[in-house]
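Given next are the chains, with one letter for each unit.
Protein chains: 2
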Amino acid sequence: MKNTTYIDSIAEFKDKQATISGWLYNMRKGGKLRFLIVRDGTGTIQAVVSKTDVNEEVFALCDELTQESSIRVTGKVVADERAPSGFEMQVSHLELVSKADEYPISLKEHGTDFLMDNRHLWLRSSRQFAILRVRHEIIAACRAFFDDRGFTLVDAPIFTPNACEGTTTLFETEYFGSKAYLTQSGQLYQEAGALAFGKAYCFGPTFRAEKSKTRRHLTEFWMIEPEVAFCDLDGDMDLAEEFLEYVVQRVLKNKARELATLERDVTKLQNVKRPFPRISYDEAVAILKKENVEFQDGNDFGGTDETVISEKFDRPVMVHRYPSAIKAFYMKNDPTDFSKALCVDVLAPEGYGEIIGGGQREDDYDTLKNKILHHNLPLEAFEWYLDLRRYGSVPHAGFGLGIERTVTWLCGLSHVRETIPFPRMMHRLRP
Amino acid sequence: MKNTTYIDSIAEFKDKQATISGWLYNMRKGGKLRFLIVRDGTGTIQAVVSKTDVNEEVFALCDELTQESSIRVTGKVVADERAPSGFEMQVSHLELVSKADEYPISLKEHGTDFLMDNRHLWLRSSRQFAILRVRHEIIAACRAFFDDRGFTLVDAPIFTPNACEGTTTLFETEYFGSKAYLTQSGQLYQEAGALAFGKAYCFGPTFRAEKSKTRRHLTEFWMIEPEVAFCDLDGDMDLAEEFLEYVVQRVLKNKARELATLERDVTKLQNVKRPFPRISYDEAVAILKKENVEFQDGNDFGGTDETVISEKFDRPVMVHRYPSAIKAFYMKNDPTDFSKALCVDVLAPEGYGEIIGGGQREDDYDTLKNKILHHNLPLEAFEWYLDLRRYGSVPHAGFGLGIERTVTWLCGLSHVRETIPFPRMMHRLRP
Numbered sequence: 026m027k028n029t030t031y032i033d034s035i036a037e038f039k040d041k042q043a044t045i046s047g048w049l050y051n052m053r054k055g056g057k058l059r060f061l062i063v064r065d066g067t068g069t070i071q072a073v074v075s076k077t078d079v080n081e082e083v084f085a086l087c088d089e090l091t092q093e094s095s096i097r098v099t100g101k102v103v104a105d106e107r108a109p110s111g112f113e114m115q116v117s118h119l120e121l122v123s124k125a126d127e128y129p130i131s132l133k134e135h136g137t138d139f140l141m142d143n144r145h146l147w148l149r150s151s152r153q154f155a156i157l158r159v160r161h162e163i164i165a166a167c168r169a170f171f172d173d174r175g176f177t178l179v180d181a182p183i184f185t186p187n188a189c190e191g192t193t194t195l196f197e198t199e200y201f202g203s204k205a206y207l208t209q210s211g212q213l214y215q216e217a218g219a220l221a222f223g224k225a226y227c228f229g230p231t232f233r234a235e236k237s238k239t240r241r242h243l244t245e246f247w248m249i250e251p252e253v254a255f256c257d258l259d260g261d262m263d264l265a266e267e268f269l270e271y272v273v274q275r276v277l278k279n280k281a282r283e284l285a286t287l288e289r290d291v292t293k294l295q296n297v298k299r300p301f302p303r304i305s306y307d308e309a310v311a312i313l314k315k316e317n318v319e320f321q322d323g324n325d326f327g328g329t330d331e332t333v334i335s336e337k338f339d340r341p342v343m344v345h346r347y348p349s350a351i352k353a354f355y356m357k358n359d360p361t362d363f364s365k366a367l368c369v370d371v372l373a374p375e376g377y378g379e380i381i382g383g384g385q386r387e388d389d390y391d392t393l394k395n396k397i398l399h400h401n402l403p404l405e406a407f408e409w410y411l412d413l414r415r416y417g418s419v420p421h422a423g424f425g426l427g428i429e430r431t432v433t434w435l436c437g438l439s440h441v442r443e444t445i446p447f448p449r450m451m452h453r454l455r456p
Numbered sequence: 026m027k028n029t030t031y032i033d034s035i036a037e038f039k040d041k042q043a044t045i046s047g048w049l050y051n052m053r054k055g056g057k058l059r060f061l062i063v064r065d066g067t068g069t070i071q072a073v074v075s076k077t078d079v080n081e082e083v084f085a086l087c088d089e090l091t092q093e094s095s096i097r098v099t100g101k102v103v104a105d106e107r108a109p110s111g112f113e114m115q116v117s118h119l120e121l122v123s124k125a126d127e128y129p130i131s132l133k134e135h136g137t138d139f140l141m142d143n144r145h146l147w148l149r150s151s152r153q154f155a156i157l158r159v160r161h162e163i164i165a166a167c168r169a170f171f172d173d174r175g176f177t178l179v180d181a182p183i184f185t186p187n188a189c190e191g192t193t194t195l196f197e198t199e200y201f202g203s204k205a206y207l208t209q210s211g212q213l214y215q216e217a218g219a220l221a222f223g224k225a226y227c228f229g230p231t232f233r234a235e236k237s238k239t240r241r242h243l244t245e246f247w248m249i250e251p252e253v254a255f256c257d258l259d260g261d262m263d264l265a266e267e268f269l270e271y272v273v274q275r276v277l278k279n280k281a282r283e284l285a286t287l288e289r290d291v292t293k294l295q296n297v298k299r300p301f302p303r304i305s306y307d308e309a310v311a312i313l314k315k316e317n318v319e320f321q322d323g324n325d326f327g328g329t330d331e332t333v334i335s336e337k338f339d340r341p342v343m344v345h346r347y348p349s350a351i352k353a354f355y356m357k358n359d360p361t362d363f364s365k366a367l368c369v370d371v372l373a374p375e376g377y378g379e380i381i382g383g384g385q386r387e388d389d390y391d392t393l394k395n396k397i398l399h400h401n402l403p404l405e406a407f408e409w410y411l412d413l414r415r416y417g418s419v420p421h422a423g424f425g426l427g428i429e430r431t432v433t434w435l436c437g438l439s440h441v442r443e444t445i446p447f448p449r450m451m452h453r454l455r456p
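Residue numbers (the numbering used here), protein chains in the order written: chain A, 26 to 456; chain B, 26 to 456.
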């Protein structure tokens with residue numbers, strides 16, 4: 026709208042008249058004063074209506090306003106040290122755009138199911154607002170990191186013709202008479218990208234039909250997956266730690282106010298600086314044994330195991346060389362210990378668990394072909410993938426970072442469901 | 026890899042030794058010289074091997090190299106005005122990483138089906154490389170435009186519980202005992218975003234199960250969809266033209282080399298500057314009549330109609346106020362002519378057709394509810410959407426830009442299938 030100002034640029038109007046278009050977030054009354062807390066999607070500001078400054082209709086209107094009514098407020102912008110924005114407004118005129126029905130989400134406590142049913146409105150609350158602004162910053166930081174380093178965006182397809190890592194967690198759809206599956210990862214395609222563009226990444230939604238109701242699982246979540254040609258496991262870990270440091274430090278710098286709203290202890294995030302500790306799977310198992318955690322050597326780590334391991338460190342820990350038996354067919358085996366894969370998982374501190382998984386890919390044609398057969402995968406479906414080893418194979422590596430788990434960690438949340446605007450879970454497909 | 030240099034930063038090594046890791050794109054022979062064209066995904070460079078400068082094995086190796094073999098080339102970087110990168114390399118050492126089998130895509134002509142079957146390799150060709158680099162720039166520009174203007178990214182869900190605009194073009198999937206549909210547009214969710222964040226956008230894949238095999242259709246395509254609270258149709262058109270100008274001018278500036286590779290006539294793109302012509306649907310129909318195009322007043326425009334209209338202008342043309350009867354239920358009617366919708370389509374020049382569709386949304390509760398009923402849509406499914414009119418409704422507007430059509434236009438292509446790394450069409454689900 027013309028002649029309207031956003032709260033995040035209100036400083037430009039210090040000691041001048043401005044008009045804000047927004048919604049009534051809250052109101053306090055005091056004698057001849059009404060203190061309207063107005064939000065406009067870029068911030069909140071207190072607009073003070075004094076009975077002596079406005080005409081009677083305007084003052085009466087204040088008492089009619091309901092929470093979330095849409096309004097236009099005009100007045101003088103004055104500095105106020107106590108205000109979050111640094112300013113408040115002395116109202117000279119107030120206009121009602123649309124009076125809200127009784128708003129279902131009051132400023133008191135509600136159950137999560139109720140709030141999730143009203144997710145389209147809950148987004149307006151200050152905590153959800155802060156979380157999604159942090160999410161935006163994380164996503165922008167992820168893209169900027171790779172763009173600035175010469176990576177080419179190679180969007181992976183969502184529809185894939187084959188079930189690569191088991192069909193039980195795949196969403197399936199009819200595709201003009203055949204079947205298509207929704208992608209679980211863009212990695213295989215990204216390997217083609219790396220061999221064409223040297224450094225490539227994809228960033229999009231991925232899907233898992235997991236029947237789990239844990240605090241770490243969504244059926245629809247976003248991943249960024251870089252892949253680099255002429256890169257080994259060490260190079261991959263170098264890239265992962267540089268990337269994570271960049272993302273975390275940028276969020277700390279640009280979203281300090283949002284993190285404060287969320288009451289996040291940022292001292293824990295300030296530590297996220299290179300170098301990160303690098304330990305082998307065997308060393309991680311030794312930590313569990315020492316802590317008397319019941320753990321079967323050779324298994325993958327569970328959530329509790331990851332917490333015990335990560336609590337030994339004040340920053341993300343990179344655990345490399347897991348048993349190849351529990352890792353995907355495309356992982357390259359460690360030439361010095363063939364039972365291990367040249368892979369790495371990055372575990373976030375404070376018990377937030379795995380946020381990155383990656384490693385070096387098998388680049389030898391015969392070895393990869395045998396692995397595909399050994400895993401009982403349909404060779405025909407992987408001919409194109411084998412082509413990447415037939416025509417100019419190179420050592421290459423990459424990883425995937427889950428956006429929602431990263432948001433959970435940086436915001437200090439207990440559940441992944443608040444980290445995406447419209448979460449999709451086993452029992453949640455609405456709104 | 027350590028000690029390796031990318032071709033796009035080779036200038037830093039002028040008159041110094043460097044090592045490039047890449048692939049043999051082409052080779053010419055001439056007496057005691059071998060001219061290797063090496064690509065590394067960031068560019069190509071000519072590496073000259075002189076029999077007098079290298080040992081016998083290295084020179085013999087040159088003649089064994091096949092197209093797309095992966096190699097490491099070390100030598101002195103010297104300026105060469107004729108070279109695309111401005112430099113060539115005088116080779117002192119050459120190492121074979123992996124010899125490629127006979128490469129299926131030679132530098133001569135191939136049929137499109139064959140190339141699409143080999144899309145994972147075709148990406149390495151110079152034209153495809155250039156197109157996808159332009160795509161990357163367009164996507165980066167889209168995000169930067171909205172990020173710089175204070176929009177918040179509000180990712181729309183891919184899984185939606187209801188079929189909103191007809192079920193015939195929807196992909197359906199089993200969702201833990203119920204049905205989910207793949208999104209065709211994030212707009213309805215983005216309206217919730219705009220009312221929470223003031224200015225919001227989403228950017229992700231969208232899906233249409235259209236049984237059409239035209240040069241403009243993909244089943245999976247990416248859209249960016251901004252939505253602004255307190256915005257009307259005029260403001261929406263202002264935003265759309267500022268946005269398109271920004272994207273086009275940035276691509277012209279940053280991807281001149283790629284556009285040259287594609288032999289794109291950039292003079293046609295230099296015109297894409299504000300203001301764009303704005304004509305009503307009725308005025309557009311008058312153009313068709315004047316050109317003796319057979320057209321039934323009240324219908325939507327077809328591809329040929331759009332071409333005839335857009336050819337009257339040297340930049341994108343904004344056609345507004347279509348008959349509301351042919352537009353979606355959520356469009357606001359024009360208060361001065363209730364038979365028209367406050368919508369806008371932006372048609373690209375040179376016959377590239379519609380690239381943006383948008384408009385002002387119905388913000389009155391009762392009117393919207395009646396429209397939902399009138400369109401025989403299930404009211405229950407839209408209760409959350411109606412909530413946006415119950416609680417603080419405001420005038421709001423937005424639009425969607427199709428990324429692949431924009432890439433088609435800016436690259437000057439005849440078919441949309443080359444504008445996405447792994448296109449999905451009615452008869453194309455592989456690789």
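Among the hints, erroneous ones may be present.
No copy labels: a pair is met if it fits in one copy or bridges any two.
Stated by the list, open to error - Distance condition first, Cα-Cα at most 20 Å in a straight line; then the derived PhoX-like pairs of lysine-lysine:
(1) K337 / K396
(2) K352 / K396
(3) K238 / K204
(4) K124 / K394
(5) K54 / K238
(6) K278 / K76
(7) K337 / K298
(8) K54 / K314
(9) K204 / K57
(10) K101 / K39
(11) K293 / K315
(12) K352 / K57
(13) K278 / K293
(14) K76 / K133
(15) K337 / K204
(16) K124 / K54
(17) K314 / K101
Treat the hints as calculated values from the structure; they're not laboratory data. Just so you know, these numbers come straight off a predicted model, no measurement behind them.
_If the cut is 20 Å between Cα atoms, do K54 and K238 qualify within a copy, between copies, both or neither?_
neither (44 Å within a copy, 64 Å between copies)
*Measure nothing new, just compare the shortest in-copy and cross-copy C-alpha distances for K54 and K314 to 20 Å and report within, between, both or neither.*
Answer is neither: 61 Å inside a copy and 63 Å across each miss the 20 Å cutoff.
_When Cα atoms must be at most 20 Å apart, do K314 and K101 count as within-copy, between-copy, both, or neither?_
neither (66 Å within a copy, 54 Å between copies)
*20 Å Cα threshold - placement of K396 relative to K337*: Neither, since 35 Å and 60 Å both go past 20 Å.
*Given identical chains, is K76 near K133, meaning Cα to Cα at most 20 Å, within a copy, between copies, both, or neither?*
Answer is neither: 29 Å inside a copy and 81 Å across each miss the 20 Å cutoff.
*State whether the alpha carbon distance between K337 and K204 is at most 20 Å within one copy, between copies, both, or neither.*
Classified as neither: same-chain Cα gap 46 Å, cross-chain 45 Å, threshold 20 Å.
*Intra/inter-copy verdict for K124 and K394 if alpha-carbon distance must be at most 20 Å*: between (66 Å within a copy, 17 Å between copies)
*Is it within, between, both, or neither for K337 and K298, if the alpha carbons may be no more than 20 Å apart?*
The answer is within: 16 Å in one copy meets 20 Å, while 58 Å across copies does not.
*20 Å Cα threshold - placement of K54 relative to K124*: within (19 Å within a copy, 79 Å between copies)
*Checking K278 and K293: alpha-carbon separation at most 20 Å within a copy, between copies, both or neither?*
within (14 Å within a copy, 42 Å between copies)
*20 Å Cα cut-off: does K101 pair with K39 within a copy, between copies, both or neither?*
within (8 Å within a copy, 60 Å between copies)
*Alpha-carbon proximity between K238 and K204, which holds within one copy, between copies, both or neither at 20 Å*: between (27 Å within a copy, 19 Å between copies)
Hints 1, 5, 6, 8, 9, 11, 12, 14, 15 and 17, counting from the list given before, are not met by this structure.
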